[in-house]
Structures are given as C-alpha cells and as structure tokens.
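Chains as they are written, first to last, in the numbering used here: chain A, 1 to 309; chain B, 1001 to 1309.
Bear in mind the hints are in silico, worked out from the structure with no lab data behind them.
Treat each hint with caution, since some may be false.
[Unchecked claim] Counterexamples of contact, computed for chain A against chain B with all Cβ distances above 12 Å:
#	residue
1	D70
2	T71
3	V74
4	Q79
5	A97
6	E145
7	L155
8	G200
9	G233
10	A274
[What the hints assert, rightly or not] Which chain B residues face chain A? A few, computed with CB under 10 Å, are given here:
#	residue
11	F1040
12	E1106
13	G1107
14	S1120
[Stated by the list, open to error] Looking from chain A toward chain B, a few residues come up when the C-beta cut is under 8 Å (computed):
#	residue
15	G41
16	L78
17	R209
Heads up, the beta-carbon is just placed ideally off N, CA and C, and yes, glycines get one too.
Protein chains: 2
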Amino acid sequence: MYTVFAGGVGASRFLQGLVQVVPQEDVTIVSNTGDDVEMFGLHVSPDTDIVLYALAGAVNPETGWGLTGDTFAVVDQLQRFGYERWFNLGDRDLAMAIHRTRLLREGRPMHEIVAGLARSWGLGCTVLPMTNGRIETRIVGPDGELPFQDYMVRLRTEVDVREVVFAGATGALPAPGVLDAVSGASAVILAPSNPLVSIGPILAVPGVREALAGSRAKRAAISPIIAGQVVKGPAANMMRTLGHEVSALGVARLYAGLIDLMVIDEQDRALAPAVEALGLRCLVTDTMMTSPERKTQLARDVLAGLDAF
Amino acid sequence: MYTVFAGGVGASRFLQGLVQVVPQEDVTIVSNTGDDVEMFGLHVSPDTDIVLYALAGAVNPETGWGLTGDTFAVVDQLQRFGYERWFNLGDRDLAMAIHRTRLLREGRPMHEIVAGLARSWGLGCTVLPMTNGRIETRIVGPDGELPFQDYMVRLRTEVDVREVVFAGATGALPAPGVLDAVSGASAVILAPSNPLVSIGPILAVPGVREALAGSRAKRAAISPIIAGQVVKGPAANMMRTLGHEVSALGVARLYAGLIDLMVIDEQDRALAPAVEALGLRCLVTDTMMTSPERKTQLARDVLAGLDAF
C-alpha cells in the first residue's frame, strides 16, 4: 500500500506514472487543501482537482490544471457582475466546484465529498483531503497576509515572501483515514511538490508530521527542485527568500527526520553526498517527467529505491 | 408611473413593448419569485431573469427564456456527478445564479440583489421581487405536492393539477417598495401571464391584493388566454382542471374586484359584453405579441385604454 502526499501539478504527474506501475487500489493520496479558495461563492480545491483530473486522464496537458478543451463562458459572464477575471475557472471545472459547494453546504464532510468525486471520475485509488477542517495557506509579504491564490494567481507570485502561515492549523484534525494511511502504508512518498506550500500544509495538520516521523513505512521524497530550478510554480523563489538553499539538498534538509530516501535528479548528482550526510539514502535518477514514459520510469525507480533497503 | 405585475415570457414580451412607449425610469416591475428554485445548490429566479434578459435585449427569442447563444457546458458536466439534466440552465445564465446565490448567502436581501442585477444589465426601470421572503408555488397533483419547476419543466406540465399552493405566503412580507408601487402608481398593469401561478403568487403576498383593490391607480389586466388557448405555458390546462373557464372571461373573473380594465384579444371580441357584465371596462385589441411592432402597439393600446377613463 502506497501513500502519496500530493500538491498540484508535479504531484499529479508523478501519480500518473505511479498508477501505471501499481494498481490504483493500492494507492492512497493525501491531498493539500491549504490552497482551497472561495471564488464567486463556490468552494474551489485546486490541488485536489488537478490530481483527480490528471488521474482521470482529463487534465489539460498544456497548463497542468483544468480540463482539456474547457470553455470559459461563466467566468466571462461573471465580469458583468463586477467579478475580476484573474481566477480562470473553466465551465466544466466549475461544475465540480458547484457540486462540491452544494455538498459542503449540506454539511457533508470533505473526505466523503472527495471520495465521491474520485468515484465520479472512475478512479480506483483513495483520495483523502488532508483535513475536513479549514486550513488556509497564507503568504506574508511586505504588505501583510495574502490568501495563497491571491499570491499565486492574482499577483503571479510577484511578492517578496517573508513567511508562510497555515491559518487554522492548530485546531484542525487530519481527515479520517489520513493517519492510518501514514502509519499503515508500506511506503509513503512525498511527491515532487513545493515543500513549503504544498507538502508543508499537510505536515502542518496536527498529528501528521508525528505520524510520518514515527511510521514504520519506508518513506521517500522526490525533489521538485532540479538544477536549482523548479519545473513549475514558485518553490524556487519562495525557498530563496525564506532562506533555504534552492536545491535538492535544500529540500532534503526540510524533510530530514521525516524520510528515509531522497530522490534527486541526475543533474544534481553532485549533491548526493551532502544529502547522505543528512542521514538519508539518496537515489539519483531522471526526475524530469516530460513524457508518460518518463513519469512511469520515475515511479518505477522510486519504488525500486524503496525496495532496496 | 407604471407598475407591472410580471410572470415570465408573456410579461417580458409586454414589457419590451411598454419600454418603447414610456421611459424605463417610469416603469416598476413586481416580479413573481414563487417559481424560484434551488438547482445544484444555486438559487435560480426564472421569471425575474426572463424579464431582466428580455429588457436587456439578451433573451433567447426562440425559447423566450435564457440568453441568446448560451452554451451548456456546466449542466452537461454536472451529469457526471449524478445530476439530472431536466433543468437546462445555460452557462451564462448560470453565472447570474452563482452571483445571486453568493449575495443571498452573504445575507443581502433579494430586492437589493435584483436592483443590482437590473443595473448590471443596464436597465433604467425598477425591478422588485414580490417578496424578500420565500414563497414557493407548489402544484398539488394526484401524487401530492410538487415544486413548481418540477411540474413545469421536469414533468412538462403533464400533471392533473388539483390545487395551487403558495407555501410560506402567510408569513411573508412584500419586498420594500412593492406596496408603494401599487398604491402610488398612476397605473397598475397585470401582464399577460398565468393568472394562477404567475400573477397569483404576487397577489398571495400578504397586503398586495388589498393594496391593489384599494389603489387609486388605474388598473388593467391583459388576458394571456386568446381564443381559449394560451400562447405559452400551462395556463389553459391549469385553469380547466381547476374549474375556471378557459377564456379571457375566465381570466377576467379571477381579477374582478382588482382591476378596472380587462384587455382581451380581437379573437375574443364576443366575450366583451360578459366581461363588462362583471363591472369591468373591456378593451378589445390585438394582443398577439409576435413582433416588436405588435408588442409596442399593445402597450400603446393598453395605455390609451387606461387614459380613456
């Protein structure tokens, strides 16, 4: 049984490979809901939906998010009523937000809702939100706190990040199934997602970090930083301004004590000794998931790396 | 100042003509919200939206409801999540429902919301919901009560109507402005809408019937029944099964005591003496609004008929 902590695009690509290698039924995904946002009065879960769409083969491959061939009639029309058009939610994407919002208003817990969505998309894996509560990732910049999507989408990450805050984390609980998925798995894999704002919120849910640190599962993380850069998203800039080394080694330092195996790209081979000096095993392989074959191969390599000890 | 009690398609066509004859600023519309329905967790106001779209020149002329050239990506996609597709809400139409729902959830009263929507569509007239409360028109059939849209859209009116109920009417209040619009107008016009389920709910709001009966305004109604048939909708069948004569005379009987002038079609000229025998003036004219010119001419005729006494 494989448990994957997942953010958005990077995680979804790794998961596409993983489910080619192991049965979907053996995979449990713990999804970051710290990016969730209310847009137009609708509850939108960007990271969870990216993962669902990717595993359903429906994600827009050009953007990495949203649905292939989606249209934008609703957000276009909403401008008539004074809404800004910075959050570009497609019409079919919005249908999922409408459905999720309806269920939330009826009092259904998020883990039930997400399980139903995964079934609706024909998935065999288990998809769990990190919490049924509300933890909001906020970016503290020079002008104060921003909701994550404001930072990420509206301001295109052009903010000097001084701190990342997980508002509401202290009182939150892991969603039912999360702690079992960490302690009961044979392997836990931290997907190649932003360690600060994608994996970070999951680890901020009370009990999760401790469960991972104490789990008897074999634990791996895949660096989203390759040759000092990130394939997608603000991880590199954010790590830099927060004083972390922008490298696979910097990522490894953030995860030390929580994982057994650090997976880094061949371009970062020179960092392997320093990673090992943290007390971690280090797997050097091709982590650029630019084709279905390379996604599958990365999943195979990670599982082989976990089998090797 | 002209106040019009309005249902959906028939009323919207009459209003399109009226605003060609008098300034929009002189027109106040009291809109039926008894048909309002929650679909997919969104609050939809079919009659109000038909009127707004028609006056904005945006209504689909083929159906009489919805927006010209609208698409249906969201309702298509919602089927994936188990929703039935009987309520065919277009994507741009749905944007208005999303906006209205958000404002309602924020606690904004419906009359403020509708006023804002009218402004968003560039309208100069005043559009008032009949109430800020919730009055639900329900159809009692052989198998019990049905919400109006279930009867109208899902079951395509194929129900033996035994009674029409306005659930919640007893405790409801007219929306701010409604009673003033009835008592302070120079003319009140009951649009050619279904007297039982479009004008009926407005009259069922406590105080409205009394205000209309006691108003010093000149009061007219236009029969939606022409030659024993209705141009659109279930009025004819519904009147028949509820024991009313399916004719302009039957409509006049429903409004006796509330109006001064009954406007009937030339095809029903023979009914004029019987209408007058109810103590009403009767204007016989062309009420078939099959072109912009005929809509405008009907408005002119009704206003002239009101001016004549």
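Hint by hint, here is what the structure shows:
1. D70: The assertion about D70/A is violated, with a minimum of 7 Å to chain B.
2. T71: violated (5 Å)
3. V74: The claim is violated: V74/A sits with its nearest Cβ about 5 Å from chain B, within 12 Å.
4. Q79: violated (9 Å)
5. A97: violated (10 Å)
6. E145: Since the minimum Cβ distance to chain B is about 22 Å, E145/A lies beyond 12 Å and the statement holds.
7. L155: Correct as stated: the minimum Cβ-Cβ distance to chain B is 23 Å, above 12 Å.
8. G200: holds (30 Å)
9. G233: holds (27 Å)
10. A274: holds (48 Å)
11. F1040: holds (5 Å)
12. E1106: Since chain A brings a Cβ to about 8 Å from E1106/B, closer than 10 Å, the hint holds.
13. G1107: violated (12 Å)
14. S1120: holds (5 Å)
15. G41: holds (3 Å)
16. L78: Holds - the Cβ of L78/A comes within 8 Å of chain B, reaching about 5 Å at its closest.
17. R209: With a minimum Cβ separation of about 34 Å from chain B (threshold 8 Å), the hint on R209/A is violated.
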